[in-house]
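From first to last, the protein sequence lines are chains A and B. According to my numbering, the first sequence is numbered sequentially starting from 1. According to my numbering, the second sequence is numbered sequentially starting from 1001.
Don't read these hints as lab results, they were simulated from the structure. Treat each hint with caution, since some may be false.
[Said to hold, decoys possible] Computed beta-carbon distance windows for the label pairs: (1) A1099(B) x R118(A): 30 to 40 Å; (2) P1028(B) x L21(A): 44 to 54 Å; (3) I32(A) x F1002(B): 41 to 51 Å; (4) K92(A) x A1115(B): 20 to 30 Å; (5) M123(A) x L1111(B): 26 to 36 Å; (6) F1002(B) x K23(A): 41 to 51 Å; (7) G1050(B) x R63(A): 28 to 38 Å; (8) E1096(B) x K23(A): 49 to 59 Å; (9) G60(A) x L1025(B): 42 to 52 Å; (10) G120(A) x F1002(B): 22 to 32 Å; (11) K1027(B) x S12(A): 36 to 46 Å; (12) P1054(B) x L21(A): 21 to 31 Å; (13) K1117(B) x S12(A): 53 to 63 Å; (14) E1083(B) x D88(A): 21 to 31 Å.
C-beta atoms are modelled at their ideal positions from N, C-alpha and C, and glycine is treated no differently.
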Amino acid sequence: MADQTLKKPLLSVTAEKYQTLIKQYTPKPTIIKNVVRAFIVGGIICSIGQIFINLFSSFGLARVEASTAATATMIFLGALLTGLGVYDEIGKFGGAGSIVPVTGFANSIVAPAMEFKREGYVMGVGAKLFTVAGPVLVYGIATSIVVGFVYFLLH
Amino acid sequence: MFEMIVPAFIVGGIICMIGQLLMDLTKPTFTPAHVLVSFVSGGAILGALGIYEPLVKIGGAGASIPLSGFGYSLAKGAMEAVEKRGIMGAFSGGVEATAVGIAAAVFFGYLMSVAFKPKG
């Protein structure tokens, strides 16, 4: 078998040329693409939230109350779209743009709870609702208590 | 009806970009759960320092819809309650100010989890 003729190389290039070719064909780092997508999707979700704030303000609600009502509405929509399987598709495209808004928080509540429904309504749905919401509430509430305590000491 | 939409888009978009950078630059240690937790605590701390308030004024929903806005509301509520009730306010204020959001998340979350079946 030693006399077997070698196949002609597909690329007749020097080592240096090969290096530049590698660079040319390696996929570009996806970070910039991801960041731009996060900006667009996050921006759109927040714009929808702003439309709800404006809507509730026009009903005569005070600024803070309108903002709270808009947040609750966005949570409802995030939960509904997760149930319908739509939010996962948004998440595949938007990355953090779909995670950081409250709709993403709602998604993190519904997705595991729905998944573990077969384990029952107490330890399945009831417990898994808090897979991510639990840590969020623990750290959020704890931070707010520390903030309040420090504020108390300084005043 | 359409006032503040552009500022909300820009501020909200930038906050989400920061989350994406955190995830991409610290792969794979920083999961979506880590993003949510750090945004809540970060928002609370920025709120306490008075940095988040102007962001809400400029960006409206762009600052209040991201989870950092939830953290800001928690901290703001705690500080306002301390003004009124002293030390007890530190414990009650945060949850009071965000009660609607927390209750909505639990209620709607439960409802949708029961009503829908996961895909696949």
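Now for the hints, and whether the structure bears them out:
1. The hinted range of 30 to 40 Å is satisfied by A1099(B) and R118(A), whose Cβ atoms lie roughly 32 Å apart.
2. For P1028(B) and L21(A), the Cβ-Cβ distance of about 30 Å falls outside the hinted range of 44 to 54 Å, so the restraint is violated.
3. A hinted range of 41 to 51 Å for the beta carbons of I32(A) and F1002(B) is inconsistent with their spacing of about 30 Å.
4. A hinted range of 20 to 30 Å holds for the C-beta pair K92(A) and A1115(B), which are about 23 Å apart.
5. Distance hint check for M123(A) and L1111(B): the Cβ-Cβ separation is about 19 Å, which falls outside the suggested range of 26 to 36 Å.
6. Taking 41 to 51 Å as the suggested C-beta distance range, the pair F1002(B) and K23(A) conforms, at roughly 46 Å.
7. Range check, G1050(B) to R63(A): Cβ separation about 18 Å, and the 28 to 38 Å hint is violated.
8. Our hint of 49 to 59 Å for E1096(B) and K23(A) holds, since their Cβ atoms are close to 57 Å apart.
9. The hinted window of 42 to 52 Å between G60(A) and L1025(B) holds, with their beta carbons roughly 45 Å apart.
10. The hint said 22 to 32 Å for the Cβ distance between G120(A) and F1002(B), and at roughly 46 Å that hint is violated.
11. Between K1027(B) and S12(A), the C-beta spacing of about 38 Å keeps the proposed range 36 to 46 Å intact.
12. The hinted range of 21 to 31 Å is not satisfied by P1054(B) and L21(A), whose Cβ atoms lie roughly 50 Å apart.
13. Take K1117(B) and S12(A): their Cβ atoms lie about 57 Å apart, and the range 53 to 63 Å holds.
14. Between E1083(B) and D88(A) the Cβ separation comes to about 43 Å, which falls outside the hinted range of 21 to 31 Å.
Violation of the numbered hints given earlier is confined to hints 2, 3, 5, 7, 10, 12, 14; the remaining hints are satisfied by the structure.
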